[in-house]
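For the protein sequence lines, the chains are W and P, in the order given. Take the position in the first sequence, starting the count at 1, then add 1271; the result is the number in this note's numbering. Take the position in the second sequence, starting the count at 1, then add 5; the result is the number in this note's numbering.
You may find that some hints are simply not true.
What the hints assert, rightly or not - Each pair of labels, with its calculated beta carbon distance range:
(1) W:D1358 <-> P:K100: 52 to 58 angstroms
(2) W:G1589 <-> P:Q309: 22 to 28 angstroms
(3) W:R1453 <-> P:D143: 38 to 44 angstroms
(4) W:F1622 <-> P:I357: 35 to 41 angstroms
(5) P:T283 <-> W:R1453: 36 to 42 angstroms
(6) P:S63 <-> W:R1455: 46 to 52 angstroms
(7) W:E1572 <-> P:A279: 44 to 50 angstroms
(8) P:S63 <-> W:F1536: 49 to 55 angstroms
As the list claims (entries may be wrong) - One-sided and incomplete, this derived list gives chain P residues near chain W with beta-carbon spacing under 8 angstroms:
(9) E117
(10) A122
(11) E249
(12) I297
As the list claims (entries may be wrong) - Residues of chain W clear of chain P, computed beta-carbon distances all greater than 10 angstroms:
(13) F1277
(14) R1291
(15) L1294
(16) G1302
(17) E1323
(18) A1424
(19) F1486
(20) E1534
(21) V1556
(22) T1564
(23) G1615
(24) L1620
Read the hints as simulated data drawn from the structure, not as lab findings. Glycine is no exception: its CB is placed at the ideal position from the N, C-alpha and C atoms.
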Amino acid sequence: MRYADFISFTYTSLRAQRLRSVLTALGIAVGIAAVILLTSIGEGLHRFVIAEFTQFGTNIITVSPGRVQTHGASLGAVNTVRPLSIDDALALRRAPYVQLSDPLVQGNAEVVHGGKSRRVTLYGVGADFARAVQMRVASGEFLPPDDPRGARAFVVLGSKVARELFGADNPLGSRIRAGGERYRVIGVMQSKGQVLGFDLDDTVFIPVGRALEMFNRESLQEIHVVYEPTAPLSEVEAGIKRILGARHGAEDFTVTPQQKMLEVFGTVLDAITFAVAAIGGISLVVGGVGILTILTIAVAERTSEIGLLRAIGATRRGILSLFLGEAALLAVLGGTAGLALGWGGALALHFVLPALPVHTPWLYALLAELLALAVGLAAGVMPARRAALLDPLEAMRSE
Amino acid sequence: MRLSDLLEFAWRVLRCSLPRTLLILLAMGIGVAAVVLVTALGEGARLYVANQFGSLGSNLVIVLPGRSETAGAMPGVLIGKTPRDLTLEDALALKRSHAIRRFAPLIIGAGEVRAGARSRETPVLGSTAELAEIRHMDMAQGRFLPEGDPRHSQPVCVLGTKVASELFGTRAALGEWVRIGDRRFRVIGIMAKQGESLGSNTDELVIVPLAAAQALFNTESLFRVLVEAKSRERIADAKADVEEIIRARHEGERDVTVITQDAVLATFDRILNALTLTVASIAAISLAVAGILIMNVMLIAVTQRRREIGLLKALGATGRQIRLAFFTEAMLLASGGAVAGLAAGELGRSIIAQLYPAIPFQAPWWALAAAPATALFTAVLFTVAPARRAAMLDPVQALSRR
């Protein structure tokens, strides 16, 4: 049979039973649409998480005390027999490729101003903190580069704290009490919003040395190290380990590059996306069973037609490929419709819920389309074989 | 038509086209099995978490320093410091409450434990003798920390099994000395193997008396206080008492967070239930696809059986009866598929349960009811159009055309 004949024959037989073909393709379409929609949400979530992290920059390494990791965070951040000191943070500036390093200790304290008080997250940081995590000051300035061991009592407010304590007044220059000590406000941060459950606007920033005194502890929680973006990560890590190892006499700290964390998150999210897509793919299988059923019925109905075709010289191969072609065409049509449906659904979802990040991964879309084709072909094999094996004489007599 | 006639009629129709019937059963079965299996996984995870929480102790109230006014962050992950510590004296003051049976203050940190030439970084937990009863800890050898005034400590420690085996190998650890940081402790007990529980592994833990941990980490500040209420009904009283006692001690300032185990468990429960429901509805999409298939096949059947339907109508069957016949057929298909699916789902569940015996996989009752119900509902819904078409057939035309 010629190629053009083959196509027109398949097309005509699908058109002759239009409702039936549409319903069969619809089964596949629903499956593909589910897969596309779910992977779109998964991929959107993935990108969202990555964006949340990378807004602090990607070339950050976190150094925390202690070696054993539980809960994904080092226990050394709570208590440790091997403290990380401010001097350690200063020493890390000498490591190769390192642009800046910033000590950090975090806690919870009450800030009071003029009769209003609020419990907030308090960060003890160095002067480079804002630069390290790419946060901007809305008014005033960030903490000045004092000697971190004896810094002046300045405080920078998060935007929410400034609003709650001062309302519409300008907080710059006024004094507040934080954790029982007096501080002068020298800056207000730009609003950053919630990042992974933490409200970064409900915070105040004070010099790290003062925070350590306030909390009466000797160890930093972590040190942020920012390196040159083009530098090789392994060498930066090795440099940090060499300097701190020499200072402590042993490797009693944990070095976590931001990129490693991103990779872990990426792997987890990809696995979840894949699992959900697979559950959605069950409907694709059911759609495949639908094709199988309909083709089985079609073969039974068109027995005499098949007999005629064989009698006038169509080969077994020809008949086989005709039915396989029909199955594949149904699947591909359904798949394309499902692609459009899923994509449209994702866009509509994004329109209705702008907060929900949605992104259609085209690789998945292509895979889904190929999967639909494969399902169609697999479903077509049995009925097509049955059609091809029909005896022409018997088939023609069945009418 | 009588019900038994109706059933017999539908049964014969289904028997006559066996391959078609089996394929539809397969499609419905896959859908139902998927829903059952997926909800079993979700429910298993939920029960597992609930059990884990149960093994943490019962009637627990947890006190942690610091308080945040913006909700959102889980209170359990609050690890920051506060200007006014939660101290041992605060914890001891809790004895005043009548609703509290016992309590255990905790200090946790990372420490290096050495025995001879071997050393290992482990979490070090400072606590009191009550911890063993609150957390239901079992000892493999020796005994737990001694009772006594928590302000004074003896240089003793209790090791987790993994720590003991890594530091001492096959030698007996009991009675040996270990160094933690720059202090020496005598091993007086080894905990029974407990394994992973909610991310914290007691097998890798070293427990020392509270005062020793205070000295070791040079801190007065407690990490948590675990409080056990006298009974389930008194948890709320215990929580209120804790808040009141500590507020009075902290100059009227509320700077601690008090959470109950039930509240944490309820949060987990809600999250996991929502997750199970979502995943189950994704799996249920396949039931809709199966429904489309039923509709397609029924439409074909209407065309093929036009003469038969015409004859029935000519013999006096009403449109209502024809419709009923089609619905019966669909219901039979759906319930057959549902039974097959439930069986397949149960089979899959027991296979997975064999592979992961630790997790109690169990499809929840609502899924076992909802999956077949959804199957029946979609089947009926998608049969409406074919049944209508069949009922509207004009008997004369249906019989006259070949």
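Verification of the hints:
1. W:D1358 <-> P:K100: 52 to 58 angstroms: 43 angstroms, violated
2. W:G1589 <-> P:Q309: 22 to 28 angstroms: 27 angstroms, holds
3. W:R1453 <-> P:D143: 38 to 44 angstroms: Given a distance of about 52 angstroms, which is not inside 38 to 44 angstroms, the answer is violated.
4. W:F1622 <-> P:I357: 35 to 41 angstroms: With a Cβ separation near 39 angstroms, W:F1622 and P:I357 satisfy 35 to 41 angstroms, so the hint holds.
5. P:T283 <-> W:R1453: 36 to 42 angstroms: Since P:T283 and W:R1453 have Cβ atoms about 51 angstroms apart, the given range 36 to 42 angstroms is violated.
6. P:S63 <-> W:R1455: 46 to 52 angstroms: For P:S63 and W:R1455 the Cβ distance comes to about 50 angstroms; the hint holds.
7. W:E1572 <-> P:A279: 44 to 50 angstroms: Once the Cβ atoms are compared, 47 angstroms apart, the range 44 to 50 angstroms for P:A279 and W:E1572 holds.
8. P:S63 <-> W:F1536: 49 to 55 angstroms: About 35 angstroms separates the Cβ atoms of P:S63 and W:F1536, which means 49 to 55 angstroms is violated.
9. E117: Hint holds; P:E117 Cβ to chain W Cβ min 6 angstroms, cut 8 angstroms.
10. A122: 14 angstroms, violated
11. E249: This interface hint is violated because 18 angstroms lies over the 8 angstroms limit.
12. I297: Hint on P:I297: holds, closest Cβ of chain W at ~5 angstroms, below 8 angstroms.
13. F1277: At about 25 angstroms from chain P, W:F1277 clears the 10 angstroms cut-off, so the statement holds.
14. R1291: 6 angstroms, violated
15. L1294: The assertion about W:L1294 is violated, with a minimum of 4 angstroms to chain P.
16. G1302: 6 angstroms, violated
17. E1323: 14 angstroms, holds
18. A1424: 14 angstroms, holds
19. F1486: 4 angstroms, violated
20. E1534: 20 angstroms, holds
21. V1556: Contrary to the label, W:V1556 does not stay out of reach of chain P, its closest Cβ about 6 angstroms off (not over 10 angstroms).
22. T1564: 4 angstroms, violated
23. G1615: 16 angstroms, holds
24. L1620: Label holds. Min Cβ-Cβ 14 angstroms, cutoff 10 angstroms.
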